[in-house]
Amino acid sequence: MSKAMARRSDAQKIPLSFTLNGRLQELEVEPHELLLDLVRGRLGLTGAKLSCDVQVCGACTLLVDGRPVSACTTLAFEVRGRSVLTIEGLAEDGKLHPLQEAFIAHGGFQCGFCTPGMILAAKALLDENPNPSEEELKHFMHGNLCRCTGYKKIIESIMAAAKKMRSA
Amino acid sequence: MLKRFRLEEPESVKEACELLGRFGENAKVYAGGTELLLAMKEGLAHYERLVNIKKLGLNQIKRDNGTIRIGALCTHRQLETSPELQRVLSALVKLERNVANVRVRQAGTLGGNLCFAEPHADPGTLLIALGAKFLADTGTSKREIAAEDFFVDAYETRLAADELLTEIQVPAPAAHCGVAYLKFGYLERPSVGVAVALTARDAKKSVGDIKIAVGCAGPAPKRMAEAEALLRGKSIDEATRGLPKAGEVAGRAAQAISDLHGSQEYKEHIVGVLLKRAFQSALSQC
Chain B
-6 MSKAMARRSD
4 AQKIPLSFTL
14 NGRLQELEVE
24 PHELLLDLVR
34 GRLGLTGAKL
44 SCDVQVCGAC
54 TLLVDGRPVS
64 ACTTLAFEVR
74 GRSVLTIEGL
84 AEDGKLHPLQ
94 EAFIAHGGFQ
104 CGFCTPGMIL
114 AAKALLDENP
124 NPSEEELKHF
134 MHGNLCRCTG
144 YKKIIESIMA
154 AAKKMRSA
Chain S
212 MLKRFRLEEP
222 ESVKEACELL
232 GRFGENAKVY
242 AGGTELLLAM
252 KEGLAHYERL
262 VNIKKLGLNQ
272 IKRDNGTIRI
282 GALCTHRQLE
292 TSPELQRVLS
302 ALVKLERNVA
312 NVRVRQAGTL
322 GGNLCFAEPH
332 ADPGTLLIAL
342 GAKFLADTGT
352 SKREIAAEDF
362 FVDAYETRLA
372 ADELLTEIQV
382 PAPAAHCGVA
392 YLKFGYLERP
402 SVGVAVALTA
412 RDAKKSVGDI
422 KIAVGCAGPA
432 PKRMAEAEAL
442 LRGKSIDEAT
452 RGLPKAGEVA
462 GRAAQAISDL
472 HGSQEYKEHI
482 VGVLLKRAFQ
492 SALSQC
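From first to last, the protein sequence lines are chains B and S. Going by the working numbering, the first residue of the first sequence is number -6, and it counts up by one from there. Going by the working numbering, the first residue of the second sequence is number 212, and it counts up by one from there.
Since the hints were made in silico from the structure, they are not lab data. Just so you know, not all the hints are guaranteed correct.
What the hints assert, rightly or not - Simulated pairs of lysine-lysine, DSSO-like, Cα-Cα distance not exceeding 27 Å:
| id | chain 1 | residue 1 | chain 2 | residue 2 |
| --- | --- | --- | --- | --- |
| 1 | S | Lys214 | B | Lys6 |
| 2 | B | Lys6 | S | Lys239 |
| 3 | B | Lys6 | S | Lys225 |
| 4 | B | Lys6 | S | Lys265 |
| 5 | B | Lys6 | S | Lys266 |
| 6 | B | Lys156 | B | Lys131 |
Build the full structure now, drawing on both the sequences and the hints.
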């Protein structure tokens, strides 16, 4: 047996059962597997992006039990028994979430690389604070970076979605 | 990419400390992972085993007479949203609200922040000025380490290999006490952080006790005893006139390092500016 194969057979496996976009997933992970690699590589959901890899940019943001985390620096086993939402799970029955609609209507993205993280972070904000001031919005979102549009249209998009969601 | 490691998940402090003692430098405590995993991904550190201590609880915030006891596994998010802390330690809540970003605050723990001892961190500096004590536990014995003695150097603390930091104990600030932490920096890593805790006396005409700490500028947060002595017991007018001198003294004592976050000279200057502002902010709360 080659050395690499021997190592592989020794590998520690952790049973992982969690909800991904509303569907139960049951699989095994190794301790060092990252949530972002699991979601993108093994489960094929590529909305979350690898960018800075140091929890600064927010492109890999996923919601775990409704709260934003950096999937690039979260060990996959940590979502045991928890609920993970990716951008792919946000639309319901083919209908876009108000945040997604607002980003389109207000031009809240250009290249789109940061957008899945932006929208999920904004969802976490509006779920806990449906009527944020612009200052509160900026404070919450300052860890999500965009390198195309600047932030004006992103802020407009989130504010418009917040208004729509409050009136719904 | 992370290299492969084994995961240990002890169910008690004793078990965790036994694992840490047995595996020594081949094992590392893993809590929120916000700093450790970055170092491991960069290849700056590798451990054969990570000891996940999140099954140990240690995540309560309690008021115990005059002491606020914060479990080491409280996340920054828990601290920034705690109504109890908001009542008695609003300066810590404000600090926590501005740690890194919302995702780091969600995962990162106060204990992890202190034990990793990354120089550009906020909480240690304020906890020194507050006169906090850290509880180090081996599962069979406990000892208290004063916050001001805890930090040895960058990434180095007084914790022994088989000790866990389990609790942060903060004396509730007395009446007529003001506390302020101010920081300056670009993006998320502060260049300089200054904390001041003081009491006013004689109908707010003079400074009673005062504690000052400076962090981020040098390798580890430090208490500024010499600067404190220039202000302690002085009338407010005298103390206010003495602030530039105290700022200069604290700037020198901060052991500022020239790096990406600013030159030594620049950081020393910022220490003085922040010390003055933090003093005035703390005084205004008395």
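Quick one, are Lys156(B) and Lys131(B) close enough, alpha carbons at most 27 Å?
16 Å, holds
Compare the distance between the alpha carbons of Lys6(B) and Lys266(S) with 27 Å, and conclude whether the hinted pair is satisfied.
Holds, because 19 Å separates the two Cα atoms, which is no more than 27 Å.
Against the 27 Å threshold, does the CA-CA distance of Lys6(B) and Lys265(S) hold or violate the hint?
With Cα atoms ~19 Å apart, Lys6(B) and Lys265(S) stay inside 27 Å; holds.
Holds or violated: are the alpha carbons of Lys214(S) and Lys6(B) at most 27 Å from each other?
With a Cα-Cα distance of about 15 Å, the restraint between Lys214(S) and Lys6(B) holds, given a limit of 27 Å.
Pairwise hint evaluation, Lys225(S) against Lys6(B), where the allowed Cα distance is 27 Å at most:
The given pair, whose Cα atoms are some 25 Å apart, holds under the 27 Å limit.
Measure nothing beyond the straight line between the CA atoms of Lys6(B) and Lys239(S); if it is 27 Å or shorter, mark the hint as holding.
19 Å, holds
Checked against the numbered hints given earlier, this structure breaks none of them.
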